[in-house]
Amino acid sequence: MTVYTLAMESLSEQSFLILAALADQPRHGYGLVTEVAAMSDGRVQLRASTLYAALERLAARGLIAPDRDEVDNGRLRRYYRLTDTGATTVAAETQRMTDQARAAKRRLAKRDRQAAPRYGVTG
2 MTVYTLAMES LSEQSFLILA ALADQPRHGY GLVTEVAAMS DGRVQLRAST
52 LYAALERLAA RGLIAPDRDE VDNGRLRRYY RLTDTGATTV AAETQRMTDQ
102 ARAAKRRLAK RDRQAAPRYG VTG
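Numbering (the working numbering), first residue to last: 2 to 124.
Take these hints with a grain of salt, some might be off.
Per label pair, the in silico range of CB-to-CB distance [stated by the list, open to error]:
no.	residue 1	residue 2	range
1	T99	S13	13 to 21 Å
2	L77	R114	55 to 63 Å
3	K106	A54	31 to 39 Å
4	A54	D85	22 to 30 Å
5	Y53	K106	35 to 43 Å
6	D73	D100	35 to 43 Å
7	L109	D73	46 to 54 Å
8	D85	Y31	23 to 31 Å
9	M98	A39	12 to 20 Å
Derived SDA-like pairs (lysine to any residue); straight-line CA-CA distance at most 25 Å [as the list claims (entries may be wrong)]:
no.	residue 1	residue 2
10	K106	T95
11	K106	S11
12	K106	A116
13	K106	R62
14	K111	Q101
15	K106	S13
16	K106	A93
17	K111	R97
18	K106	A92
19	K106	V91
20	K106	M40
21	K111	M98
22	K111	Q96
Calculated from the structure, these hints are not laboratory results. Just so it is clear, CB atoms sit at the ideal spot from N, CA and C, and this is done for glycine as well.
The whole structure should be built from the sequences, with the hints applied where relevant.
Printed below as a string of structure tokens:
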């Protein structure tokens, strides 16, 4: 059994995708909405209220931090960045999901072998 480096409360899919979207560069709210939608092939659509509540929770846990504020066409855009703790969390969660997917694949392969038709045997 793999021991994961963080024993923090688990991440929701939305929170995981927000953190993953920040892994390569800081982004503002709308940038996060579009990146999360792209990463999930449109399956996860963040609404503003959901996004900003998630950002507050992630910041409170020290996983993200404000990066900078910019004014664009008279509107303030706050950019967020992934912290080192956030990067460690994304890596640990990614490993956990990879391990679970591997285990599921092994079980499915075993099921497929067990369900293979047996010639010469009638039921």
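Using the C-beta atoms of Y53 and K106, is the stated range 35 to 43 Å upheld? holds (37 Å)
Holds or violated: are the alpha carbons of K106 and S13 at most 25 Å from each other? holds (22 Å)
Would the hint linking K111 and R97 be met if the CA-CA limit is 25 Å? The hint holds at about 21 Å.
Check the following: the C-beta atoms of L109 and D73 are separated by a distance inside 46 to 54 Å. 48 Å Cβ-Cβ, so the 46 to 54 Å window holds.
Taken at face value, is the distance from the CA of Q96 to the CA of K111 at most 25 Å? holds (23 Å)
Hinted pair, alpha-carbon criterion (25 Å max): K106, A92. Please report holds or violated. holds (21 Å)
Within 22 to 30 Å: is that where the Cβ-Cβ distance between A54 and D85 falls? holds (23 Å)
Return holds or violated for the Cβ distance of D73 and D100 against the range 35 to 43 Å. Once the Cβ atoms are compared, 41 Å apart, the range 35 to 43 Å for D100 and D73 holds.
Is it true that the C-beta distance of L77 to R114 lies inside 55 to 63 Å, as the hint says? Between L77 and R114, where Cβ atoms are some 59 Å apart, the hint holds.
23 to 31 Å was suggested as the range; check whether the CB atoms of D85 and Y31 agree with it. Holds: the Cβ-Cβ distance is about 25 Å, inside 23 to 31 Å.
Kindly confirm whether 12 to 20 Å is satisfied by the beta carbon distance between M98 and A39. Holds - the Cβ-Cβ distance for M98 and A39, about 19 Å, lies within 12 to 20 Å.
Assessment of proposed distance window 31 to 39 Å (beta carbons of K106, A54): Hint holds: Cβ distance 34 Å, inside 31 to 39 Å.
In this structure, the one hint that does not hold is number 13.
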